[in-house]
Amino acid sequence: MNVPLGRPRLLDRLSNQRLILIGCSVFLGLLFLAALAAPWLAPHDPYLVNLAVKLQEPSWTYPLGTDHLGRCTLSRLLYGARVSLGFAVLIFGSSLLIGLLIGTLAGYIGGWVDQLLMRFCDGVMAFPSLILVLGLVGIFGPGLKQVIVALMLVQWVYYARMFRGLIMTLKEKNFIAAARVNGSSHWKIFRTHLLPNILPPLLVIGTLEMGWAIMDISAMSFLGLGVQSPGAEWGAMIHEGKSYIRTNPELMIYPGLLIMLVIASFNLLGESLSERFGVTKQTK
Amino acid sequence: MKPVLSVEHLTIETTNGQPLVRDISFSLAAGQIVGLVGESGCGKTVTSLALLRLLDEKVIRQSGRIVLDATDLMTLSDRTLRRVRGGQIAFIMQNPMSAFTPVYTIGHQLMETIRTHDRCSKREAKNRAVEALREVNLDQPDRILKAYPFELSGGMLQRVMIALAVCLRPHVLIADEPTTALDVYNQKLVLYYLEKVRATYDTAILLISHDLSVIAEMADHVLVMRDGEIVEQADVFDLFDQPSHPYTRQLLTQHGIQAGGMKA
Amino acid sequence: MSLLQLEHVSHRYGNQRFLARQPEQTVLQDVSLTLEAGTCLGLLGRSGAGKSTLGRILLGLERPKAGRVLFDGQDIYDAASKDFRQDIQVVFQDSFAAVNPKLTAGQIIAEPLTNFLRLTPEALKQRLITLLEQVGLAEADLTKYPHQFSGGQLQRICIARAIATNPKLIILDEAVSSLDMVNKALILDLLRNLKETLGLAYVFITHDVQAAQALSDRFVILDQGQLVGDYPTLRSFSEATDEHVQAIRQAVLAIHPRNRTIRK
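Residue numbers (the working numbering), protein chains in the order written: chain E, 1 to 284; chain F, 1 to 264; chain Y, 1 to 264.
Read the hints as simulated data drawn from the structure, not as lab findings.
Incorrect hints may appear among the rest.
[Unchecked claim] Calculated pairs, DSSO-like style, for lysine-lysine (alpha carbon to alpha carbon, straight line, at most 30 Å):
#1 E:Lys188 / Y:Lys144
#2 E:Lys171 / Y:Lys82
#3 Y:Lys144 / E:Lys173
#4 Y:Lys264 / F:Lys196
#5 E:Lys173 / Y:Lys82
#6 E:Lys171 / Y:Lys102
#7 E:Lys173 / Y:Lys168
#8 E:Lys188 / Y:Lys82
#9 F:Lys146 / F:Lys126
#10 Y:Lys264 / F:Lys2
#11 E:Lys171 / Y:Lys144
#12 Y:Lys264 / E:Lys188
#13 E:Lys171 / Y:Lys65
#14 Y:Lys102 / E:Lys188
#15 Y:Lys144 / Y:Lys195
#16 E:Lys188 / Y:Lys125
#17 F:Lys146 / E:Lys173
#18 F:Lys122 / F:Lys2
#19 E:Lys173 / Y:Lys195
#20 Y:Lys195 / Y:Lys82
#21 Y:Lys65 / E:Lys54
#22 Y:Lys168 / E:Lys188
#23 Y:Lys264 / E:Lys173
#24 E:Lys173 / Y:Lys102
#25 Y:Lys168 / E:Lys171
Model the full assembly from the supplied sequences, consistent with the hints where possible.
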């Protein structure tokens, strides 16, 4: 039986969990769809330079106006979504998988394997991640591909640590011991017992981390290291727009607002998911 | 004997109308141990949380009176309640590990609680904590104050909880299955110190347990609970020798006592 | 030839990190004992005496630093021996922690069956139903999840899982210690019946003397990793007067308030 304990009233008013869950999912879902459908939705070619129509106000032809090179802002935002979101998924997905693999090996096998892998992770984590990424990009040279690889190389250690912790906690539980006594192979234990039980925290962390991945790409592009012009990407757009901050602040505001909304949505989604999964505890 | 805590017609139900506790009434006098016995899920824990008004009022409706020293707790504000909890009614829970925050030392948590209820300096709080730990025979109290919860065993943590109760000198102590998570050796120790607190400070204790042996050892008066109702209330000897409700008789039989007689 | 033989088993913990040496702790010291088929050995002692470690060693989960564990004459840790896991099963203390919360009862019980036997889906289902009936549950329970069961019911599912492959020996690691009085009595009854009908041998690890006495034919006491008492019959155990048995008996709580030991 669940014994619900009371919490301070203020938090209750702020967290209408279900509404947030649905709201954020819908928003993000639509955004992803828009990104996928960019070639059909975008009214213009995002790379088409036309100095005659530069820095225009929103109009029917150009719904959000144009930038300093006469390119349609809306189209650039849509195509930018593909880069920001798409590559965020790529980076996040691959570093998560690497982290899962390494973390599981470390957590499940333990012993010197664990020590070796974790000391390596400690070394990487000793550097602030952004500095490390900057350093790697400095070695590889600027460019989108290089940024992606750099981000992947840096991110997986955090996931490895996290999965290692989760696996180690699970490993101690008696149902894992019972599974071994029942004759299950290690692979079967991982598939049937460990993975399904890591899924909830994975989902929660995943949503929060996606926000970070987007942030990282945008940040790199803003610094001029990721997507180079004429590439369309939100961070790069902010970078280009900063020279026009006094006359046409919207060049920075539109992409900036989008970045903020997306990251906030992912965070809120993550928080409401974590509340949802966290509450499934039984007390007698 | 004037009751220190008087529960009158306490009813607890979920907002969907599902009843959890139905119209129960009982009282505790100073220095008295009232045992609350029943199977898991009968409403014992919900009752104890209700006494401290710790239930989520969005999901649970609670009615009735809970009179502590002439004040009805149901009428108090959150702020006042916070002073009552710990200071006048202390709570010892089943799993001692979950009563403590894992990232602060025992000393930090004890002193923080003491200083929340009584204005005193850090040094005074520390001295009181050390004294209290000595009263429950935990030796090397300084070492214990510096330790983290996970470094102590369940039995030791329960004694620390009792020590905290000693520090705050509450009028009422609610112990919810305090010995269930412990082995037999530690069980006896914890009960021994509960009795010591009672005898020294005249604390009224509501002792909740599913184990009739705990009740037999400690209680003066017994409440038998089933499905949210108190089906029988009696003096402990009367209950064990002449139970009137069939459910009580069933519990006693399973405990090893033939109704009306005594099995060694 | 005895079913189970432990020869001079010793075990230590510690020294797991190569950068930080930790002092070694001896958990078991020179433990030797035998168990005949179809009998129940009560293994008593405080928490921390090494009982659970011994349980893990018997289950093949941890290789002892010294000594041998012989089952049907073969060393279970010898790679050349046959896989004994079909014959040695376990029931743990906390049933909720002993099952994967994401699996249904049917999937939980089926795990050893699918690992060790080749059964057709119909035969598997039939076996699951038979097992559920043997432990007092119904076919409808096959599709339920652990959180839908009470502690007592879930423990029955764990027992069904343990007997699924017709083992010869079951390690009961505090199997009734987390249950309330009612369920404890019921589960002990069930275990006794299964022992008789299926010819099972048990190693009943527990700190609860009364539970041990309800099920065991022989008794040994473990204190700080060493075997300090061996009583081949219930009678010799209940009549023993040495200090360890005294300590255990003193820890037992009274059944009737007349025999109170804490409050006088």
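Hint by hint, here is what the structure shows:
no.: 1; hint: E:Lys188 / Y:Lys144; in the structure: holds (22 Å)
no.: 2; hint: E:Lys171 / Y:Lys82; in the structure: holds (26 Å)
no.: 3; hint: Y:Lys144 / E:Lys173; in the structure: holds (21 Å)
no.: 4; hint: Y:Lys264 / F:Lys196; in the structure: holds (12 Å)
no.: 5; hint: E:Lys173 / Y:Lys82; in the structure: holds (27 Å)
no.: 6; hint: E:Lys171 / Y:Lys102; in the structure: holds (15 Å)
no.: 7; hint: E:Lys173 / Y:Lys168; in the structure: holds (25 Å)
no.: 8; hint: E:Lys188 / Y:Lys82; in the structure: holds (21 Å)
no.: 9; hint: F:Lys146 / F:Lys126; in the structure: holds (11 Å)
no.: 10; hint: Y:Lys264 / F:Lys2; in the structure: holds (23 Å)
no.: 11; hint: E:Lys171 / Y:Lys144; in the structure: holds (24 Å)
no.: 12; hint: Y:Lys264 / E:Lys188; in the structure: violated (57 Å)
no.: 13; hint: E:Lys171 / Y:Lys65; in the structure: holds (22 Å)
no.: 14; hint: Y:Lys102 / E:Lys188; in the structure: holds (14 Å)
no.: 15; hint: Y:Lys144 / Y:Lys195; in the structure: holds (27 Å)
no.: 16; hint: E:Lys188 / Y:Lys125; in the structure: holds (21 Å)
no.: 17; hint: F:Lys146 / E:Lys173; in the structure: holds (29 Å)
no.: 18; hint: F:Lys122 / F:Lys2; in the structure: violated (36 Å)
no.: 19; hint: E:Lys173 / Y:Lys195; in the structure: holds (27 Å)
no.: 20; hint: Y:Lys195 / Y:Lys82; in the structure: holds (24 Å)
no.: 21; hint: Y:Lys65 / E:Lys54; in the structure: violated (79 Å)
no.: 22; hint: Y:Lys168 / E:Lys188; in the structure: holds (25 Å)
no.: 23; hint: Y:Lys264 / E:Lys173; in the structure: violated (42 Å)
no.: 24; hint: E:Lys173 / Y:Lys102; in the structure: holds (14 Å)
no.: 25; hint: Y:Lys168 / E:Lys171; in the structure: holds (27 Å)
In summary, the numbered hints that this structure violates are 12, 18, 21 and 23.
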